[in-house]
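*Asks:* Start from the sequences, fold in the hints, and give me the full structure.
Chains as they are written, first to last, in the numbering used here: chain A, 9 to 390; chain B, 307 to 593.
Just so you know, the hints here were simulated from the structure itself, not pulled from any lab data. A few of these clues could be false.
[To be verified] With beta-carbon atoms standing in for the labels, derived distance ranges:
(1) B/Thr503 to A/Leu267: 15 to 23 Å
(2) B/Tyr578 to A/Lys156: 21 to 29 Å
(3) A/Gly92 to B/Leu499: 27 to 35 Å
(4) A/Leu199 to B/Ala579: 41 to 49 Å
(5) B/Ala579 to A/Glu137: 33 to 41 Å
(6) A/Gln359 to B/Ala315: 54 to 62 Å
(7) A/Lys156 to B/Thr503: 41 to 49 Å
Since this is a predicted model, take the numbers as computed values, not measurements. C-beta atoms are modelled at their ideal positions from N, C-alpha and C, and glycine is treated no differently.
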Amino acid sequence: MTETQSAPVREAPERAVAAIELSGVEKSYVSHGETVAAVRGVDLRIAEGEFFSLLGPSGCGKTTTMRMIAGFEDPTAGAVYLHGSDVTGVPANKRDVNMVFQSYALFPHMNVFENVAFGLRRKGVPKDEIRSRVGAMLGVVDLAGREKRRPAELSGGQQQRVALARALVNRPRALLLDEPLGALDLKLRQLMQVELKRIQREVGITFVYVTHDQSEALTMSDRIAVMNDGVIEQLGTPREIYERPATRFVAGFIGTSNLLGGEVAGAGERAVLAGGPDERIEVPLRDGAAVAVGERLELTVRPEKIGIGLDRPDEGLCRVRGTVTEVVYLGTSTNYNVTTAAGADVVVFLQNATSADDIAVRGDDVWLSWDPRHSYAIHPDA
Amino acid sequence: MAAKSGRLAPYLMILPSGLWLLAFFAIPLVLMVSLSLQTGNLVDGFQQTFHWRNYVDGLDTYGDKFVRSLWYGLLATGACIALAYPAAYWIAFHGGRHKSTYLFLLLLPYFVSFVLRTVSWKLVLTDNGPILGPLRDHGIVPDDFHILDTATAVVSGLTYNFLPFMVLPIYVALERVDHRVVEAAYDLYASRLHAFTKVILPLSLPGVFAGVIMTFVPISADYVNAEVLGGPQNTMIGNVIQSEYFGNSAYPVASALSFTLMAILLIGIFVYARTLGTKDVLEAAGR
Chain A
9 MTETQSAPVR
19 EAPERAVAAI
29 ELSGVEKSYV
39 SHGETVAAVR
49 GVDLRIAEGE
59 FFSLLGPSGC
69 GKTTTMRMIA
79 GFEDPTAGAV
89 YLHGSDVTGV
99 PANKRDVNMV
109 FQSYALFPHM
119 NVFENVAFGL
129 RRKGVPKDEI
139 RSRVGAMLGV
149 VDLAGREKRR
159 PAELSGGQQQ
169 RVALARALVN
179 RPRALLLDEP
189 LGALDLKLRQ
199 LMQVELKRIQ
209 REVGITFVYV
219 THDQSEALTM
229 SDRIAVMNDG
239 VIEQLGTPRE
249 IYERPATRFV
259 AGFIGTSNLL
269 GGEVAGAGER
279 AVLAGGPDER
289 IEVPLRDGAA
299 VAVGERLELT
309 VRPEKIGIGL
319 DRPDEGLCRV
329 RGTVTEVVYL
339 GTSTNYNVTT
349 AAGADVVVFL
359 QNATSADDIA
369 VRGDDVWLSW
379 DPRHSYAIHP
389 DA
Chain B
307 MAAKSGRLAP
317 YLMILPSGLW
327 LLAFFAIPLV
337 LMVSLSLQTG
347 NLVDGFQQTF
357 HWRNYVDGLD
367 TYGDKFVRSL
377 WYGLLATGAC
387 IALAYPAAYW
397 IAFHGGRHKS
407 TYLFLLLLPY
417 FVSFVLRTVS
427 WKLVLTDNGP
437 ILGPLRDHGI
447 VPDDFHILDT
457 ATAVVSGLTY
467 NFLPFMVLPI
477 YVALERVDHR
487 VVEAAYDLYA
497 SRLHAFTKVI
507 LPLSLPGVFA
517 GVIMTFVPIS
527 ADYVNAEVLG
537 GPQNTMIGNV
547 IQSEYFGNSA
557 YPVASALSFT
567 LMAILLIGIF
577 VYARTLGTKD
587 VLEAAGR
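*Replies:* Structure, rendered in structure tokens:
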């Protein structure tokens, strides 16, 4: 285990044994004579009791990764560890993890009680214990009294909770959830997000949550792995992922992000980018990243971090000139679309906290400003 | 106007088949009921005499043929399930991209006429045919061993001829089983055996149920297989009805026998549906 612990895993909490560990996991399929790589080398350690999300667009390999943890797929290369023991090649019915399927996959011919009792019956748990455990679990998911209903007689949200109870009643070492809220409407989805988080705290089981919905992942997760094209682009807490996107993909996939680029005019602790007259763009260089003068560099700034005004901003702030192309009033906030003098399109979110009037209107020449600490450099190769 | 024609549309759509059923099913049925209660002969003509004895006599005389028909029906239906289920299962779960090809291959023989297929079985099963001939020559079976003119031949022929009516409904039911539900069973610690007995089998039972009805009824009423492959000791009720009708021109007796068979099958199906067709059975199977 010590060997795998020293593997280059970012931000993994210091623990002796990870609940789930993937080491160099790859998965490729042969389709129509062509080899297609679904997962191209994933290393991660998920801690006991953690709410961990695999986030990415469809086809990024997140579901395949989860199915390898569940035991439905065998990795082409690499190994899967559950609580320190190598389970690579162990079939799903011998793994102490349970899954909540995207479409719930409830047994349509069984009532709620039998659905939830299925796993316990297979494990040969005594009848009395099955009755009490199923009853207690149905209480946790707020479905007491509906034992005799068939899945078809339940609403989407109730089916979802049956699926959750059916998995959790087995007290698995980890629970895998494959886009479990995808079929619910927005209101119910938000309700279930809070509910899921509560249940996870209550049962204290490691949750691995697969989703393409960034707000879902940000709301619930302790940590998120953003996946794209079969690899993890960034792994970190929701705050780190949102505030400090490591790659252009993460910046674009999570929330709205503005990308500004330019030639490096000066480099040190901060890179200074060449801009128009009286403009100033600088970005901190973190983690010992080095750039050379003349190189092209891009940086990201979140729309809510940018200020907008008609007057020249204070010294010490980054400042860029631009023209307002669109103003969208959204009640609590106003969105400004600005095209900079260099030709980049920038979005600015401004809270309507004090002023009831718009700061600028379409066609106005404005100054954009932000604190350099809120911008992050993205290297062209990232 | 639009609303009115919209309301009429469903009735208009069912009208052609409704008229068809009325003309060629309902009216003949009533005529047959009437015929089954008549007396007379072809020369003197038949009179409506409400002669219920046609039914009593029919059952008295041919009771053993009724019993044999139902027995052969049970055997052949059972054999159909035994052959059809694994085949349908394999095509549905392991057929991959060629599912329709395999189904087509399975159905290919049935593009040939029913009678021709049965006659070809006779050629295959005959004493010096391609199966028994070599076996006899090598002394593997005794010279007085026959397949033709036995119950085995008739039941085999019935099984073969009605197999697709069992395969197709079972295949459709298996094909509709959500693969993720099967995965869920494995995820919940089910062995391969339990995933089958607790999930796949119960979910495919409606297909078996439909297949049984679609095979047992026509098999029990069949007369071609017993005629071609069987001997005098394998006569089924269908053969009796046929010979009473076309041979003896005893129309009332033939009609009464037909209705007796129909009543037996309807009652049988009803009881079967009430006991096996309910969701409680599926639930019990999944426990």
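*Asks:* For each hint given before, does the structure comply? Return the numbers of the non-compliant ones in rising order.
*Replies:* Result: hints 1, 7 break, sorted rising.
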